[in-house]
Each structure stands twice: as C-alpha cells, then as structure tokens.
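Since chain A is already given, all that's left is putting chain B on it; use the hints.
Going down the list, the protein sequences come from chains A and B. Numbering of the first sequence is given in our numbering, commencing with residue 1 and proceeding in unit increments. Numbering of the second sequence is given in our numbering, commencing with residue 1 and proceeding in unit increments.
Don't take every hint at face value.
No copy labels: a pair is met if it fits in one copy or bridges any two.
Pairs of lysine to aspartate or glutamate residues, derived as EDC-like cross-links and limited to a Cα-Cα distance of at most 16 angstroms, are as follows [what the hints assert, rightly or not]:
{"#": "1", "residue 1": "Lys353", "residue 2": "Glu203"}
{"#": "2", "residue 1": "Lys38", "residue 2": "Glu321"}
{"#": "3", "residue 1": "Lys190", "residue 2": "Glu203"}
{"#": "4", "residue 1": "Lys234", "residue 2": "Asp352"}
{"#": "5", "residue 1": "Lys317", "residue 2": "Asp115"}
{"#": "6", "residue 1": "Lys340", "residue 2": "Asp352"}
{"#": "7", "residue 1": "Lys197", "residue 2": "Glu341"}
{"#": "8", "residue 1": "Lys234", "residue 2": "Glu7"}
{"#": "9", "residue 1": "Lys77", "residue 2": "Glu251"}
{"#": "10", "residue 1": "Lys173", "residue 2": "Glu124"}
{"#": "11", "residue 1": "Lys359", "residue 2": "Asp115"}
{"#": "12", "residue 1": "Lys278", "residue 2": "Asp357"}
{"#": "13", "residue 1": "Lys356", "residue 2": "Glu9"}
{"#": "14", "residue 1": "Lys194", "residue 2": "Glu159"}
{"#": "15", "residue 1": "Lys71", "residue 2": "Asp291"}
Treat the hints as calculated values from the structure; they're not laboratory data.
Protein chains: 2
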Amino acid sequence: MFKLVAEQENARTGILKTAHGKIETPFFMPVATKGAVKLVSNSELEEAGTKCIICNAYLLSISPGTKIVKKAGGIHKFIGWNKGIFTDSGGFQTLSEKFLIKADEKGVTFKNPFDKSTSFLSPEKAVEIQNLLESDVAMCLDDVPLHGSTLTRIKESAERTTRWAERCKNAHKNKKQLLFGICQGGLNEKLRQKSSKEIAKIEFDGNAIGGLCIGETNSERNKMVKVSNSQFQKDKPRYLMGVGSPKDILECISHGVDIFDSCFPARIARHRTAMTSKGNINILNARFAKDFKPLDKKCECFTCQNHSRAFIRHLAKTKEENSLRLLSIHNISFVQKIAKEAKLAIKENRFDKMVKDFKRNKQKVF
Amino acid sequence: MFKLVAEQENARTGILKTAHGKIETPFFMPVATKGAVKLVSNSELEEAGTKCIICNAYLLSISPGTKIVKKAGGIHKFIGWNKGIFTDSGGFQTLSEKFLIKADEKGVTFKNPFDKSTSFLSPEKAVEIQNLLESDVAMCLDDVPLHGSTLTRIKESAERTTRWAERCKNAHKNKKQLLFGICQGGLNEKLRQKSSKEIAKIEFDGNAIGGLCIGETNSERNKMVKVSNSQFQKDKPRYLMGVGSPKDILECISHGVDIFDSCFPARIARHRTAMTSKGNINILNARFAKDFKPLDKKCECFTCQNHSRAFIRHLAKTKEENSLRLLSIHNISFVQKIAKEAKLAIKENRFDKMVKDFKRNKQKVF
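So here's chain A without its partners, still in its complex pose (with noise of 0.2 angstroms):
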C-alpha cells in the first residue's frame, strides 16, 4: 500500500498505492471541497501536475447527498477525476462557528450552511459516508480544538480522538478504500506525542497530523511534526493537514512529512497574489503595468506560457475573474512544481541543498 524509495535524512520519497492509481510521495492535493477546485478544471489541475485531490466528505453528503454520489457511480465518476480523492470527514468544520453546534462523546452537531438544519455527525457516521462516496482515502473523524484551546480541552479532544478514531476504524468496510488516523494535541509537546503513539498504535493505513495551521507558528508546528512523525510508523505514509505554501512543504518535508493539502495557493490567487520563486507578488502592483514577462520566468503552466503580468494585472484592476483563475491555475502548478523537484531531490540525495537554495532566494514566508 505505501513503498518507501529513496530518504534523505527525515526526508522521504515513496510511492501510495490507491484504488485510483499510485501517487509518488511526496505530493500535495488541491482543495476541491465541493468537488471542483475554485475557478479551475479538472483537466487544468492535471496540467498542473496535480495527482490527488481532497474533498470534504461532509458537505458533499449534504448536498448533493450520498445517494446521488452513489447512482453516478462514486465521486471519482460524480465529479469527473479519474485519479486520487482523498476526503476530509468533517472534523475540520469543528473550528468554524458557522458549521459547530456542539461537540461530545458521541459526535458532532452541525448546522447545515445551505438551509439552516442541524445534522450528527458520529465517528460511524463520518465513515459510513466516506465508504459511500468511494474516495480512495478515508480520514478518520477527530475533534479538533481551537487555537489556544486550555489544557483541559487539548487533552479531552486528544482523548476523544482515540475513541473516536477507534470506532472509525471498526465501522469501515469499505475495503477499496484506504482509512487515515489522524492525531490531535495541540502544541503541547507531551499530549501530541501520545496522541500521536494511540494513532499509531490502532494501525490505520496512514497517519495524519491535525489541528495545525491554526493559527500556531511555524517553528511551534515543526516542532509538532517532528514528535508525531517519531511516534508514527516509519513505513506508513504521513499526511499533514493543510500546509500548502511551498516553504512550509519543503520545512515539513525535511521532518518526513509526505501528503500535504491546503487551499491556500488558490486562496492567495484569489487574494491577487503570486508565487514566484523569487516570492510573492500582488500582481496589482503599479511596478507591473508594464511587466510583459510571465509571473515566474521558469514556470511552464498555462498562465506563464501565454499570459504576461501586464496583462493579468489589467484583469485583475478591472475586476475581471479570469485574473484570479491565471493566478489559480499559476499557484497551484507552482506549488505541484515544488513538490516535484523535492521528489527528485530526495532520490538524488541533494534534498537539503534543494531547500537550502529556495530560501537563499529570500522566499517570503507566506
């Protein structure tokens, strides 16, 4: 199911076998929470270089249902992606006040964002789902607490993430499907790293690190990563949950990170925002009204191929979307380009010199 293939250090590269096809590790998905990724195609995340995306389980079986997802013959079929799905369970929408109802032993009560109801959500039920939809991963259901969250809560939700992940893994019978634990803990370095052991401990498919990139700073979650990621098993791959500038990618995958996931590269490209390997740029800058080079000199995506930076920015001072669709369509085929060269690196054993140049660059840090 998970080949190791070459490590540098901590770094790793492998290969994830799915229902969908293997993923050379390490990789990072889209966030296609809906089933789309926001302004862009299935066929222009391809191009992208893009293998595996993430969905959320949740919302997808409140609208459309399970049912619907089920009759079109899975969500690889429903949404038109033939290759890697992963879906979040839902745990994520704990954090926001516009979903929470209330969190206890048994599960979580959602208010539905779309007509007001309220749904429950258990550990069985968010699996049950998960199997329905056919997505190749399953992530287990956690209860997440808030940044800054007493200690009292980060080691009740720590707990209950055990028990909860527990009973996902006994109520999955979907056997095309892989199922992820997912640890919790906070930035409590003692809570993290037992959560991180009971994870591991019940022997899922994979390992997921969660409740990060909340708000804690990077050298607090590093720190996270690296005691989870030596609790976790070495020969099983580890997934951290929503990291996705490329900075963070290549730090966390110096700490054997191997899955990543975030909406951010498409969600600063809505904010009119660049990758480039020189760091990023508000592409309304009056500096490029007569920039007629492409957004990154190097890139061979679709955007820096035929659009210049004059161009998008005009779109973009115009209130054109199209502006934030290139800038989508750029972002994301930059960060699926970083994670490329970080899997050659590692098997050419030049990994740490890889990183060491990116930031010699003077890559902002996002």
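For chain B alone, kept in the frame of chain A given last:
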C-alpha cells in the same frame, strides 16, 4: 478582403481575410470586453471553435491604455490571442447611464467607470485608439439612439452617424486594419434605409447594423436587418451587432448576415442557463439532480465530455463559480457549433431545412 463562397437564397457563406488569418463566414464572436471572455480561457474559446472575438477599444483605452497595449506589441500579443479581433468603438456605451455624460456633434463625453474622471471620444479619437490597438477590424463610432426614442432623435442620430462615419474613414490610418461602417435608423424603415445607403456609399471594408437588440421584437429586428442588407453591397461582409442566440443567429443568417457578436451565451450561463438542442434549461431545476447525462447529448465541448447535469447543478446549487464556467464553455461551444453547421448547410444548399429542423425542435425563443 471578402469573398463569397456559396449562397442559398439570402443566406451566404464566405471568407473574410484579416491580418490574423482568414475567417469563414457566418461566424460568431464571443465578447471579450476588456480582453478576456468572462470565466473562459483563450484556449477554451479556441477549443469551442472560436475564430474571432470582439474587444471594447474605448474601455481598453482607459485601462490599461493604448500605450501599454502598444508596448506589448498590439492587442493580440497583449491578451494572448492570435486569431481575429474586432474592436468596438465605444458607441454602444452611449446607451449606458454608467458611461454617458453627453453626446453632441463633436463626439461623446464619457464618465470613466474606473475612477470617475471624464473622457471625450470623437470619431477621430475612436479610430485612432483602434489603430493603436491594432485590432483586425475597427468599428466606426456611431450615435446610438435609445430604444423608444422619438423620430426626431432617431433622425438626428442616423444623420450624425453618417457624418461621424465619414470622419472615421478619413481618420483611419492603419493599413493592416479593416474598418467597418455602422448604420442606425432605429426601427423606422425609411431612416434605416437611408442610413444604410449612406454608410454603404462611404465604401467601408464591411457594413454593420447597429442600434438593434436593445428592446425591439424579433420581427421588428428582422425587418430592419432586411432593409439594411438590401442597401449594403453584396460583396462586402455584413455584421449584425449584439445578436447571439442560436435561433436569432439562424434567422439573421437567412436574411444575409455574415457576422455576429454577443455576450448572450456567456451571460445566460452566468444565470445558470444552458443551451441545448431541445431548448434552454436552467440547471438549478430539481429534475437535473439525478440527471447524469451531459448538458446536450450531441455536444462535444469540454463540459459535455467531462461533466453531468447533476454535477453542474450541484456546483451551481452550492454557489461554486465553476458551474458558471462550465456553462459558459458549453454555451459558447453550442453557438459556435450552430454557426459552423449553418456554414456547411449553406454550402450544401440545405440551410432552409436546417432552420426548419431547428425550429421544429421547439427551441425556445431566448
């Protein structure tokens, strides 16, 4: 410059030679006001069968300005589109309260919609802008009367449009660029006839019918189209401005029109409406929730080849903009297919049958 290839009654097919290649008529131009069709990439326009688009010279002259377009190497290079480009002069904006301050014999005073400053557009200035942009076909500045104007106003606008057309012709300096005249005359047969005759007499590279599709009935429009075409040279291309529904295009081809433009296919897409060979459908309709067929079963566009009605409805229902994108790609492809089929049907002397078949399918009037 224009060569008739085949005729069936008044319908005709021909070839328009431009600085960016030959374009077979009849053809339809999607509207790329500021240099990009809303939500659709140039490569997607090409895949949809688009050979020519129309941009708005006046708006481009305000932002980014002719200097920047010139520096980019002309409008084709600036926007990344290597096929035909028409530019509209800005005359149509006189219908909009958002833009118009005042129109008199000298020209039009506009509000700049971006920064609230004012700008003055004379016939000479409108042509100069288009010369600088280097579009393939420039349009004269016309004085467009509002729908329902008094006869006095319609007469004034038609006479002024002729005087402006002469000034445009005199001001036109770009030898690689074609210049089309535009007739006015409201819905008054005599004034429309007189205006068309006067415009034809100035001997432009092509003749356009302006001031229609702004509130009149289809039969009123058809009458004016017939009147204008009876005055225009037979061996010059005829362009009806603002028409873009399949039924209207077919009707007007049968009255001898060669060129069309409209934002209609993309605009109704943004209102969640798809064109099909059996009439328009609103994708939000509940009956499409479990409909896994493509929008139109005979359509070969990207959307129909990859996505179902049920999926597009799901995206539309959950307010994902990709639904509008997928519908835009489909509708533009659908109209391009109609124009392509019309071309073939005229060559094969079966255009009248094509129109009858189309109407028999109970295509709704859009």
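Intra- versus inter-copy proximity for Asp115 and Lys359 (alpha-carbon distance at most 16 angstroms): This pair counts as neither: shortest intra-copy Cα distance 47 angstroms, inter-copy 40 angstroms.
Identical-chain pair category, Lys278 with Asp357, by Cα at 16 angstroms: For Lys278 and Asp357, the Cα distance is within 16 angstroms only inside one copy (11 angstroms; across copies 59 angstroms).
Alpha-carbon proximity between Lys353 and Glu203, which holds within one copy, between copies, both or neither at 16 angstroms: Cα proximity of Lys353 and Glu203: none, with 34 angstroms in one copy and 68 angstroms across.
Intra- versus inter-subunit Cα pairing at 16 angstroms for Lys173 with Glu124: For Lys173 and Glu124, the Cα distance is within 16 angstroms only inside one copy (10 angstroms; across copies 74 angstroms).
16 angstroms Cα threshold - placement of Asp352 relative to Lys234: Answer is neither: 20 angstroms inside a copy and 72 angstroms across each miss the 16 angstroms cutoff.
Status of Glu251 relative to Lys77 across identical chains (alpha carbons, at most 16 angstroms): For Lys77 and Glu251, the Cα distance exceeds 16 angstroms both inside one copy (35 angstroms) and across copies (39 angstroms).
Intra- versus inter-subunit Cα pairing at 16 angstroms for Lys71 with Asp291: between (50 angstroms within a copy, 10 angstroms between copies)
Intra/inter-copy verdict for Lys356 and Glu9 if alpha-carbon distance must be at most 16 angstroms: within (15 angstroms within a copy, 73 angstroms between copies)
Copy assignment of Lys317 with Asp115, given that the CA separation must stay at most 16 angstroms: between (35 angstroms within a copy, 11 angstroms between copies)
Intra- versus inter-copy proximity for Glu7 and Lys234 (alpha-carbon distance at most 16 angstroms): Within one copy, since 11 angstroms is at most 16 angstroms while 74 angstroms is not.
Within, between, both or neither, where Lys340 and Asp352 count as close if Cα-Cα is 16 angstroms or less: Within one copy only: 15 angstroms inside a chain, 57 angstroms across chains, cut-off 16 angstroms.
Alpha-carbon proximity context of Lys190 and Glu203, limit 16 angstroms: For Lys190 and Glu203, the Cα distance exceeds 16 angstroms both inside one copy (21 angstroms) and across copies (86 angstroms).
Checked against the numbered hints above, the structure breaks hints 1, 3, 4, 7, 9, 11 and satisfies the rest.
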